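Counting in the UniProt record's numbering, the sequence shown runs from 1 upward without gaps.
Simulated from the structure, these hints should not be mistaken for lab results. Do not rely on the hints blindly, as some may be mistaken.
Pairs of lysine-lysine residues, derived as DSS-like cross-links and limited to a Cα-Cα distance of at most 30 Å, are as follows [to be verified]:
hint, residue 1, residue 2
1, 369, 286
2, 479, 461
3, 195, 541
4, 461, 199
5, 399, 286
6, 339, 278
7, 343, 369
8, 389, 343
9, 215, 378
10, 389, 312
11, 216, 465
12, 65, 77
13, 199, 541
14, 199, 519
15, 469, 278
16, 195, 465
17, 216, 348
18, 278, 389
19, 195, 519
20, 286, 348
21, 278, 461
22, 461, 216
23, 348, 378
24, 389, 215
25, 533, 519
26, 343, 412
27, 286, 343
28, 65, 26
29, 215, 469
30, 378, 343
31, 216, 479
32, 199, 469
33, 339, 286
34, 126, 215
35, 533, 199
36, 291, 312
37, 278, 343
38, 399, 412
Everything numeric in this text was worked out from a predicted model, so none of it was measured.
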Amino acid sequence: MGLGVQPHGTVQFEMSSLDPENYPIKPVKPQQECNMPDVITVRVQKDKDTFQDVVVEIERATRKKAFLGGYSHKLTKTEYHHAAVQTMARRRPDRGVETFSRDSQTVEVKSQAQQCTINTCTQMTKIGCYMSNMKDKLIIPGTYITADEYHSKRLKAVLTIQTYTRRWQAKQIAAQLRLDKELRVAWAEREERRKREEKEEQIRAEYHRRMNPEKKEDFALLYNALESWRQEEVEHIDATLCGAERKAALCALLEEETQLIASIGCHRIAAGERNQEKAVQAFLNKCAAPKRWQAFDGTITEMDTPYTIRAKELRDLYRSINLHYLSQAERLDVLLTLKHTIKEHHCKLTQQIVELINREADLLTRGVKESNLEGLRKRISTLFLQYIKTPIFNPQVSKLLRVPQDPSQPRKNIYFCRSCSSYLPSTDFALPANARVLVLCRRCSELDNEARSREDVSQYKTILKQLRKTEAEYSPDAKIMYLLQDQDLRYLVDVVWRAQSVLSAWNDLRDLLMVRWDKQLEWSPWNCILLTKDEAAAHVKVENVEKV
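From just these sequences and the hints, can you work out the full model?
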């Protein structure tokens, strides 16, 4: 201000060098491409409707910015440099933790001791100098120890140390062996208990399958048990009776067998109805299931859409109309809710359901027994299920129904069953490895098995399932075991290996496994062996069977 310079003003001055030859003054070349003014006005918004104008002065850099490095694009080879700014970096907030910095290069320090020479002297008593002997010590020489005595003493000490050391090592080895034995015995007991529990569980599962059959394999097991019982009875009759008594006993046996077959048939019908109801409930639950997806942190998010909400309402209504032991008022309330639900759409199906609902409501008000209304209620339930499976009334079901095949397109892979005289797709035929033509479909084969041989292949299915699981772990690209059927594996087990272990002759199929003979080669009918579970576990550890 003393020079008369005002803010935002212009000052002109001259500058010269005291040594122009060595230190010349180079003229500053301003950047011509920068046309920004020295002062700009910036409008800053403070509140919702409040603005403030701020004057900003721009400082022009007259020096070249420092090169701070950068990187280049691998494809275009374009170089990108890091920008240098004048603004100071923002200081990090103090977190209350004391931190220190250290140099990146560590100084190598070496320490070495050095004994310097020290001059010492001894003062003796002489004329004119008296030295006190109060602190002197009288040393008497001991017995002289020869080198042999010294070495023998050291040897004795070494032997003593070795004795106690070997004793300690022996105790450690004995304790470890004792611990290993205890662990081995405990492991053997656990394995024995596990095997016993597995065997008991298999027996309980088989007993449960016989007492509560649900699947086709369960009824095949029943027919197999029936055939075993019949053969035992026939052998007993042939061994003990003859003539007319034998014929009478065989007739009684045939009558009893007929009753048992009829009882099995009744159980099959009841199981089919239960399985059908379970399938319907699973189908409805799948329709009414909300949309699910997993977030980045593992949490599951569920969302209901209008279609899933509609499917859930129809599912709950279907369960309500199939409930038993409802009072008359509750049943009428359910029928009224069903009637209002299906009245949203007008078609032939809804008209039939409404007519049946009105008929049942009229019969209920007249006091008709529930046993006489079972057929009518079954019709209402069936028609309402058909209503639920219609995509127009339940859009969510369209994602679960099978797409019908175009009738104008010819169906492929259709074969003729000589037993039921039906044309069926290839998936309905069992194809053994040695089959050349398709003769019987699966249903006819099962019916023929129930009527004649009554064989149970569930154990062979278990062996085949375990074989496929093991081979999938060894080589995911294996294909041979997936081509085998139950009949093929049964031939290998019963005919080739005599249904027993090669080593121990154990003939319980529940304990047998089919494994590779040569571990290095892929499993095949010519590279397999039938062993028990323990023998198979030991055989798998053999790397080269030729050197065993």
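Results for each hint:
Restraint check for residue 369 and residue 286: the C-alpha separation of about 35 Å exceeds 30 Å, so the hint is violated. Straight-line distance between C-alpha atoms of residue 479 and residue 461 comes to about 17 Å, which keeps the hinted pair within the 30 Å bound. Distance hint between residue 195 and residue 541 is fulfilled; the C-alpha atoms sit about 21 Å from each other, no more than 30 Å. Of the supplied pair hints, the one linking residue 461 and residue 199 holds, its CA atoms being roughly 17 Å apart against a limit of 30 Å.
Of the pairs offered as hints, the one joining residue 399 and residue 286 holds, with about 10 Å between alpha carbons and a cut-off of 30 Å not exceeded. Restraint check: the Cα-Cα separation between residue 339 and residue 278 comes to about 25 Å, which is no more than 30 Å; the hinted pair holds. For the hint pairing residue 343 with residue 369, the CA-to-CA distance comes to about 28 Å; that is within 30 Å, so the pair holds. Of the supplied pair hints, the one linking residue 389 and residue 343 holds, its CA atoms being roughly 17 Å apart against a limit of 30 Å.
Proximity of residue 215 to residue 378 is assessed by CA-CA distance (about 24 Å); at most 30 Å being required, the pair is judged to hold. Between the alpha carbons of residue 389 and residue 312 the distance comes to roughly 13 Å, so the proposed pair stays at or under 30 Å and holds. Our distance criterion of 30 Å between C-alpha atoms is met by residue 216 and residue 465, whose separation comes to about 17 Å. For the hint pairing residue 65 with residue 77, the CA-to-CA distance comes to about 23 Å; that is within 30 Å, so the pair holds.
Distance check on the hinted pair: residue 199 and residue 541 sit about 25 Å apart at the alpha-carbon level, within 30 Å; holds. Taking the CA atoms of residue 199 and residue 519, the gap is about 28 Å. The hint holds against a cut of 30 Å. Distance restraint check for residue 469 and residue 278: the Cα-Cα separation of roughly 29 Å lies within the 30 Å cut-off, and the hinted pair is therefore satisfied. A threshold of 30 Å between alpha carbons decides the hint, and for residue 195 with residue 465 the separation of about 19 Å falls inside it, so the pair holds.
Annotation: proposed proximity of residue 216 to residue 348 is violated, straight-line Cα distance about 38 Å (limit 30 Å). A threshold of 30 Å between alpha carbons decides the hint, and for residue 278 with residue 389 the separation of about 16 Å falls inside it, so the pair holds. Note on residue 195 and residue 519: the hinted pairing holds, with a Cα-Cα distance of about 25 Å set against a maximum of 30 Å. Taken as a hint, the residue 286 and residue 348 pair is honoured in the structure, with Cα atoms around 27 Å apart against an allowance of 30 Å.
In summary, the hint linking residue 278 to residue 461 is supported, as the alpha carbons are separated by about 25 Å, within the 30 Å threshold. Note on residue 461 and residue 216: the hinted pairing holds, with a Cα-Cα distance of about 13 Å set against a maximum of 30 Å. With a C-alpha separation of about 18 Å, the suggested pair residue 348 and residue 378 falls inside the 30 Å cut-off, and the hint holds. For the given pair, residue 389 sits about 25 Å from residue 215 by alpha-carbon distance, which is consistent with the 30 Å threshold.
With a CA separation close to 16 Å, the supplied pair residue 533 and residue 519 stays within the 30 Å bound. Of the supplied pair hints, the one linking residue 343 and residue 412 is violated, its CA atoms being roughly 42 Å apart against a limit of 30 Å. With a C-alpha separation of about 25 Å, the suggested pair residue 286 and residue 343 falls inside the 30 Å cut-off, and the hint holds. As the CA atoms of residue 65 and residue 26 are separated by approximately 18 Å, the hinted pair is consistent with the 30 Å bound.
Distance restraint check for residue 215 and residue 469: the Cα-Cα separation of roughly 22 Å lies within the 30 Å cut-off, and the hinted pair is therefore satisfied. The suggested pairing of residue 378 with residue 343 holds, with an alpha-carbon distance near 20 Å, which does not exceed 30 Å. Between residue 216 and residue 479 the CA atoms are separated by roughly 27 Å; this keeps the pair inside 30 Å, and the hint holds. Taken as a hint, the residue 199 and residue 469 pair is honoured in the structure, with Cα atoms around 21 Å apart against an allowance of 30 Å.
Restraint check: the Cα-Cα separation between residue 339 and residue 286 comes to about 24 Å, which is no more than 30 Å; the hinted pair holds. A hinted pair counts as satisfied when its Cα atoms are at most 30 Å apart, and residue 126 with residue 215 does not qualify at roughly 124 Å. For the given pair, residue 533 sits about 12 Å from residue 199 by alpha-carbon distance, which is consistent with the 30 Å threshold. Of the pairs offered as hints, the one joining residue 291 and residue 312 holds, with about 13 Å between alpha carbons and a cut-off of 30 Å not exceeded.
The straight-line distance between the Cα atoms of residue 278 and residue 343 is roughly 28 Å, inside the 30 Å bound, and the hint therefore holds. In summary, the hint linking residue 399 to residue 412 is supported, as the alpha carbons are separated by about 25 Å, within the 30 Å threshold.
Hint compliance for this structure: hints 1, 17, 26 and 34 are not met, and every other hint is.
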